[in-house]
Amino acid sequence: MSHIVNKQRNILDFALSSLLRRKGKNLALVTVYTLVVFALASVMFFTQALKKEATLVLGATPELIVQKLVAGRHDLIPVSYIGKIKKIRGVAGVEPRLWGYYYDPLVRANYTLLVNDKFKLPPQNILVGAGIARVRGAYRGRSINFFSYDGKPLTFRVRGVLSLESELLSADLIMISPADFRRLFGIPEGYATDLTVHVRNHKEVATVAAKIQQFFPDTRPILRDEILRTYKAVFDWRSSIVIVVLAGALLAFLIFAWDKAAGLSAEERREIGILKAIGWETSDVLQLKFWEGLTVSLTAFLVGTILAYVHVFWAAAPLFATVIKGWSTLYPNFRLTPFLSFYQIAILFFFTVVPYTVATIIPSWRAATIDPDQVMRT
Amino acid sequence: MIFSPAILALFVGSLITTGLLVAAAFFGVQILRHWDLASGSELQLKLERQTYLVSTFVAYAFAFELLSLFLFIYTADQLHTFFVGAMCAAGSLNANSWGYPAIIFRIFNCLLAGTWLIVNYTDNKGYDYPLIRMKYVLLLVIAPFILAETVVQAHYFFGLEPEVITSCCGALFSVQGASVAADIIAFPRGPLEIIFAATMILVLAWGLYSYRTGQGGYVFAAAAFLAFLISLMSFISFISIYIYELPTHHCPFCVLQQEYFFIGYLYFLTLLAGTITGLGVGILNPYRQTASLQGILPGIQQKLILASLIFFGSFTAIAVLQIIFSNLRM
Amino acid sequence: MIELQHIRKVFNAGKPNEHVAVDDVSLGIEAGKVTVLTGPSGSGKTTLLSLLGCMARPTSGRIRLRDREVTSLPARFLTEIRRKTFGFIFQQYNLIQGISVLENVMLPAYPNGDGFLQLKERAGELLELFNLRPKAYAKVEWLSGGEAQRTAIARALVNDPQVIIADEPTAHLDSKLSRELMEIVSTFKAAGKTIVIASHDPIVYDSPVVDTVVAMRDGKIIDAGAA
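Chains as they are written, first to last, in this note's numbering: chain A, 1 to 378; chain B, 1 to 330; chain C, 1 to 227.
Worth double-checking, as some hints may not be accurate.
[Said to hold, decoys possible] Taking lysine-lysine pairs in the BS3-like style, the calculated list, with each CA pair at most 27 Å apart, reads: (1) Lys25/A with Lys139/C; (2) Lys303/B with Lys7/A; (3) Lys84/C with Lys33/C; (4) Lys84/C with Lys7/A; (5) Lys118/A with Lys84/A; (6) Lys176/C with Lys125/B; (7) Lys7/A with Lys23/A; (8) Lys120/C with Lys33/C; (9) Lys203/A with Lys84/A; (10) Lys7/A with Lys139/C; (11) Lys125/B with Lys7/A; (12) Lys135/C with Lys7/A; (13) Lys193/C with Lys176/C; (14) Lys23/A with Lys139/C; (15) Lys7/A with Lys120/C; (16) Lys23/A with Lys260/A.
By construction, these hints were calculated from the structure, which means they are not laboratory data.
One chain only, chain A, in its complex shape:
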């Protein structure tokens, strides 16, 4: 047993010295390899972090939302529906929600307006998200003008800016009082944007949703779990697209790797010939090539992964955040929570080290089967 370990250790020693003897060629290889790992790892870390973030964030949203549909489109829902829904067994509470979008032509952005009774805002006072504060200069104490549904200008005073920590959700958010909301959008009393339903037992949510649909066929119930699934699917799908796009680069890298492995210089051939002549067997040379490949792979993998981690979790992935986050004119600034799992590393490994190793099998074998006889003759 120790005999096998020793042999590998010896061969590894020579492999490392071999790599160092051809610094130029190997440095080029490791650099390209690292870039490939970096690109793939960045995509995967980013996506994973977004998925995690979505899960955390959505964890606080209502389990069940009821919206009214008219001709397939979302319409205002009568508050009177609440009575009947409350009577359904398992329902702990029903609240009407008022929210909507306001398009601001000045910055060409959509703001989300939300009514929340907790804040108890005095009339014509609003809270704005950090993104809005930035683009409209709407800081605490300032005024901001919006146009109501009937074209009349309404002035609001900014009572405060929503916290920076919540930017991911609140960058484009405005908190407003119910009366102001109705005035701005012309929503009559007795109607709400949608209803949130709180169900006592999580397992009963689907059943309650079914009952609501029975009582009010013109509504659609939306489950939080479904939203989560949809987000995850979308993030996955988007990141896969990026990976597929990178497939071209990956392929180029493999060809490059093959070329480097196959293109033995005369000096390298001579060395292998000498090794064979002094008593190294083909499988020993194959092991040498294996260790060389592994060293290159592990170095590139480690460096690429660390760089990707820094890129995504410190610098917020400037290189391709747009593709995965989505298109918008109002981007929140947010730091993603670092999240790393063994699973991601395994997948990265399959995308990079495995193809690299396979691409170098035949060149390694060709090198290992060099005939020592030639060496005697020179």
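With chain A's structure known, arrange chains B and C on it following the hints.
Same frame as chain A, but now just chains B and C:
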């Protein structure tokens, strides 16, 4: 179809493995037809060089195969969030009719792959490549199974539809395909506990006998395979409930999750390793009289038997400990 | 020790540049003795050496090493036997550039699985024997001809082989160094080793330590006499 990096990675892995094996099988046919060690001809030398390449291909392919089994299970597990009612991999695999066949193929192929690697190792120890014919015939037998696995796996992944919001109706029209994962086939507990104990004792006893005397290799291999099947059934039937501390939770995949400290991986690794080494003993048995393996093969078989006993023993020990220290009392 | 029976080696068989390097040679190398192969260049000496040293396979014929037939052994096993039985000293030394003297000497033993430190010690002792200790960590490119020669010899000895094979060892040496080399050969012989040397240098084949001189021409043996 669910499009995610993990699934892409598995595809890439499967394609690579299949590609390597098909290439290897192709070379293998050449070797089977023309191999003649005594000839020393140019063709023979070329074949000898080629056999290095083929062995390397296959060794890598099988190594990936073993790694990707675990990646597959983990991926299936991660996918459960896309299916209503799915709690773990059991639910995801149930999402269409290709899921369970895919995993059965994978497990079976891992056993074959491991066995081939043992044969290859032994062949390289004999100075006249004594097992070369058998090795390549075995490869030709395994190749179609790997191909089948790739196809089945592709069907499974392509056929997955995540249950996301459709524009009109939200929850109610999501396909309720994946049933609640908890109840997988559970065999009657009482008799199975006895059978499990008996099988393990049989394996241990026969293993020790084989180790001492060098006889009974075939029986040991058969016993190992039997132990594999019985252990899987036992795990689902009664070991799992003690791990979950819930008499109705039989799922073999939930143990792979973080909340159970990933202990499932330990169980399944030991089981696979024990079975592969046991099968290895059996497949080498016909070659005990080969001249070039005299003095070598019995030693290899002994090591395999020992390894197999250690692995099965570990499996049993962990199971017994968990049962004893579980808060569940049946 | 080594027996060649009707050995024939043909290069590029069937092609227009077909060349018969060794033609129906039967030869026995006695253990513990020094045998020299002489003949002009092109006579097949180097080819015969590589066949004797199990580095190449004959086109036809049989080779026996200590009464074990090795011709049909696959390369995998032949190499192991060769590594443990033979030590080669090439005409061009064939040292690996860019690494140290010590590492060069240790290389043939890597596949044996000996512990690295023990190996290093053993190699160090060999260097000591040839007065190369001070140059142990020097890169081989910086050595003089004589030092390179001695490194090559030390390397050939690292696995403590029973047979030493040398191809034109005095080709790059002056008379003084050549005579020193033959002294070293006599110490090998005294240690019970078998030595086979190919050389057209009179200092070598006229040396008193030589037991048998085999003359070759055009791939055939023309005189298998004793010295």
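Tested hints:
{"no.": "1", "hint": "Lys25/A with Lys139/C", "verdict": "21 Å, holds"}
{"no.": "2", "hint": "Lys303/B with Lys7/A", "verdict": "21 Å, holds"}
{"no.": "3", "hint": "Lys84/C with Lys33/C", "verdict": "19 Å, holds"}
{"no.": "4", "hint": "Lys84/C with Lys7/A", "verdict": "15 Å, holds"}
{"no.": "5", "hint": "Lys118/A with Lys84/A", "verdict": "25 Å, holds"}
{"no.": "6", "hint": "Lys176/C with Lys125/B", "verdict": "48 Å, violated"}
{"no.": "7", "hint": "Lys7/A with Lys23/A", "verdict": "25 Å, holds"}
{"no.": "8", "hint": "Lys120/C with Lys33/C", "verdict": "30 Å, violated"}
{"no.": "9", "hint": "Lys203/A with Lys84/A", "verdict": "21 Å, holds"}
{"no.": "10", "hint": "Lys7/A with Lys139/C", "verdict": "24 Å, holds"}
{"no.": "11", "hint": "Lys125/B with Lys7/A", "verdict": "16 Å, holds"}
{"no.": "12", "hint": "Lys135/C with Lys7/A", "verdict": "26 Å, holds"}
{"no.": "13", "hint": "Lys193/C with Lys176/C", "verdict": "24 Å, holds"}
{"no.": "14", "hint": "Lys23/A with Lys139/C", "verdict": "17 Å, holds"}
{"no.": "15", "hint": "Lys7/A with Lys120/C", "verdict": "14 Å, holds"}
{"no.": "16", "hint": "Lys23/A with Lys260/A", "verdict": "13 Å, holds"}
The earlier numbered hints that this structure contradicts are 6 and 8.
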